[in-house]
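J.: In this note's numbering, each residue carries its 1-based index in the sequence shown increased by 6.
No lab work stands behind these hints, which were simulated from the structure alone.
Watch out, some of these pointers could steer you wrong.
[As the list claims (entries may be wrong)] Here are the simulated lysine-lysine pairs, DSS-like style, with alpha carbons at most 27 Å apart: (1) Lys325 / Lys62; (2) Lys176 / Lys202; (3) Lys325 / Lys21.
[Stated by the list, open to error] Quick list of simulated restraints, FRET-style, between CB atoms: (4) Thr71 / Thr261: 42 to 48 Å; (5) Ser80 / Glu326: 46 to 52 Å; (6) Ala348 / Lys176: 45 to 51 Å; (7) Pro315 / Tyr14: 37 to 43 Å; (8) Pro350 / Glu304: 49 to 55 Å; (9) Met245 / Arg279: 20 to 26 Å; (10) Glu38 / Ser80: 31 to 37 Å.
The model shown is predicted, which means the values in this text are computed figures rather than measured ones.
Glycine included, every Cβ here is placed at the ideal spot set by N, Cα and C.
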Amino acid sequence: MLTFDAAYLTSFAEKLYEAAGAPPDYARIVAESLVKTNLLGHDSHGLIRTKMYIGKAQDGSLQPTAKPELVQRSGATAIVDCHWGFGQVGARYGTEVAADIAREFGMSSVALSQVNHIGRLGEYAQMLAEQGLVGIVMTAGSMFGGSVTPYAAAERVFGTNPMAWAVPVKNGRAPLVLDFATSVVAEGKLQVARSKGASVPEDWIYNAEGKTSIDPHDFYNGGMLRTFGGYKGAGLALMVEIIATLLAGFAPVSTSEFKTGNPTMIMAMAIDRFTTPDRFERLVEELLVRMKSLRRAEGFDELLLPGEPEARSMEQRLKEGIPLPETVWAELTELAAELGVAVP
């Protein structure tokens, strides 16, 4: 495992994306998003994605200069066509559209069409919460045929179909952000395990025959992720598949109509249309304090709130650096050589 400074990695990644055809501002958006995700400890959605993104730019399935466009607006709803550009660029634009509409109407729902992988969903939900709004984001797809099997089945039908929520909190605290896949883990966690040569827990995946496996390679050889929480997780995955995919103009990922993409729904709520923001944020803060003070169950030393592991990871990695598997660093340096970028 190698360790790097966040600013160093951001600068290097920017250069790679610019060399792949991205305008400087787009390259910075993507690089900063990925490196921040590494800082937060979610390596599955960090720089490990660079090889995929640049590969898509090279094969034409990602248009690095494409500008997202508001193509439909009706009351509190909108559709943003991302024109197969960088997902992070399209999602940031869609989030701002959602914020503007919510301030006007009290609520908003914005679908992203023709959109590539948008990265960590919590980033966009948090952007809304930082503007004093409640943010909800859900996305599906990304891989034709899906990657996840529902409870009691052994065949791919869903994407990992993650969801994220974020709310503002009083006393200058960072927004409360909850972000998780409806599969047991995000597919990128398997990429990380594979890059480290590590096994995975028994409840994460089935192999191609529908049998439990601890080898992440089995997933990439016809295996499948499982939903979290049994049938409840499968139910959530189903609803995300319907809402995020169909309303964005995509077909379900398991059908022949679906080719690629990360269909996304972004929703925002203006707190002042329901209650006073001060009261809302104060009561959220009081609830969080109450939760932290609860008596611990046997075998537990601490109760962690959503976002606490990420905050600790960021503090540690800002001090000590971001760890990258040697395989991921090799991918980045190979891309640099291919694109004519000097390794800093």
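J.: Work down the list of hints and note, for each, if the structure agrees.
T.: Hint-by-hint comparison with the structure:
1. Only pairs whose Cα atoms come within 27 Å are accepted, and Lys325 paired with Lys62 is rejected, the gap being roughly 33 Å.
2. For the proposed pair Lys176 and Lys202, the alpha carbon gap of about 40 Å is over 27 Å, so the pair is violated.
3. Among the hinted pairs, Lys325 with Lys21 is consistent with the structure: their alpha-carbon atoms are about 24 Å apart, no more than 27 Å.
4. At about 30 Å, the CB distance of Thr71 to Thr261 disagrees with the hint of 42 to 48 Å.
5. Checked against the hint of 46 to 52 Å, the pair Ser80 and Glu326 passes, with Cβ atoms roughly 49 Å apart.
6. A hinted range of 45 to 51 Å for the beta carbons of Ala348 and Lys176 is consistent with their spacing of about 47 Å.
7. Separated by about 24 Å at the C-beta atoms, Pro315 and Tyr14 break the suggested range of 37 to 43 Å.
8. The beta-carbon spacing between Pro350 and Glu304, approximately 50 Å, falls within the hinted interval of 49 to 55 Å.
9. Hint check: Met245 to Arg279, Cβ distance near 25 Å, so the stated range 20 to 26 Å holds.
10. Between Glu38 and Ser80 the beta carbon distance is about 33 Å. The supplied range of 31 to 37 Å therefore holds.
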